[in-house]
Amino acid sequence: MQVPILKQRDYLIASIQAALTDADLLQLRDALVSQVGTYRSRGVIVDVTALDVMDSFAVRTLRDLAHMIRLRGAETVIVGIQPEVSFAMVQLGLTLEGVSTALDLEEGLAYLDKKLRITAPPSVKKRG
Amino acid sequence: MHSQETTVPVNADIDIVTARQKGRELARDLGFTSTDLALIATAISELARNIILYANSGEIVLSVVENGSRRGLKVVARDDGPGIPDIERALEEGFSTSRSLGLGLSGVRRLMDEFDIVSEVGNGTTVTVKKWRL
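Chains as they are written, first to last, in this note's numbering: chain A, 9 to 136; chain B, 26 to 159.
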């Protein structure tokens, strides 16, 4: 099942709707890495609220995705990791080291807004 | 009474999803908590992926087990692949010979209550895990 990717302002939002196969996850990774260039996006949000399992492959692919997108000059936030999923990940020893996460889509957008504003060059003051 | 088994053939990555979904359904019917459901589904996912990675094909067999008044879920992951030459080493934290994350078997052991592995070089691998209801 392909994951729909929405373009909103400077961001790409991928909202995972159902369980994904390994191939689906790789397809999502490649599509986002490519579309960041197509749309000149500065931020990417991957919403995993619908995932009831994040196993080693899913976690590794999301981590790769975030690192690849950073190399392309944009920021990624993973949002919506469920409480049970976070527990299973910790038990399994899986981490999303170096990858930003947020509670939900709203928090993810707020995070990107803040992060990208801070790193943007200061605006030039008008001469008065 | 609870002798029915559900067998999920594991030949492609879609079967990993099917195996963990079937396991989750059975575990839910048994009354496991949502946290346990996530642990069980994740363990099945890792076991099924190991089959694909190391043996190309095999099967996951799900069944209900009883011990006195306790009930639990048993998961058997079986393949006819190359087998594991050094099981001790394969169970070490972080050990992996594939391109996977390398937390496979030791991680699965942590997720479940009981863990058993039988493997012979040239004769495949069978991993049996159980989770008991509290």
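It should be emphasised that the hints constitute simulated quantities derived from the structure, not laboratory data.
Each residue gets a CB set at the ideal place from its N, CA and C atoms; glycine is no exception.
Hints are supplied without guarantee of correctness; some may be wrong.
What the hints assert, rightly or not - Here's a subset of chain B near chain A, in silico, CB distances under 10 Å, partners left out:
#1 D54
#2 L55
#3 G93
#4 N148
Stated by the list, open to error - Per the computed footprint, the stretches of chain A lying under chain B, defined by three or more beta-carbons under 8 Å from a beta-carbon of chain B, are:
#5 22-32
#6 57-69
#7 103-115
Against the structure, the hints:
1. Among the interface hints, the one on D54(B) is violated; its C-beta lies about 16 Å from the nearest C-beta in chain A, farther than the 10 Å criterion.
2. Residue-level restraint check for L55(B) is violated (minimum Cβ-Cβ distance to chain A is 16 Å; threshold 10 Å).
3. Hint on G93(B) is violated. Least Cβ distance to chain A is approximately 26 Å, over the 10 Å limit.
4. For N148(B), the suggested interface contact is broken, since its CB lies about 26 Å from the closest CB of chain A, more than 10 Å.
5. Restraint check on the stretch 22-32 of chain A versus chain B: 5 residues with Cβ-Cβ distances below 8 Å, three needed, restraint holds.
6. Coverage of the stretch 57-69 of chain A by chain B holds in this model, with 8 residues showing a Cβ closer than 8 Å to a Cβ of that chain against a need of three.
7. By the rule of at least three residues with a Cβ nearer than 8 Å to a Cβ of chain B, the coverage given for the stretch 103-115 of chain A is violated, with 0 such residues.
Hints 1, 2, 3, 4 and 7 from the earlier list are contradicted by this structure; the remaining hints agree with it.
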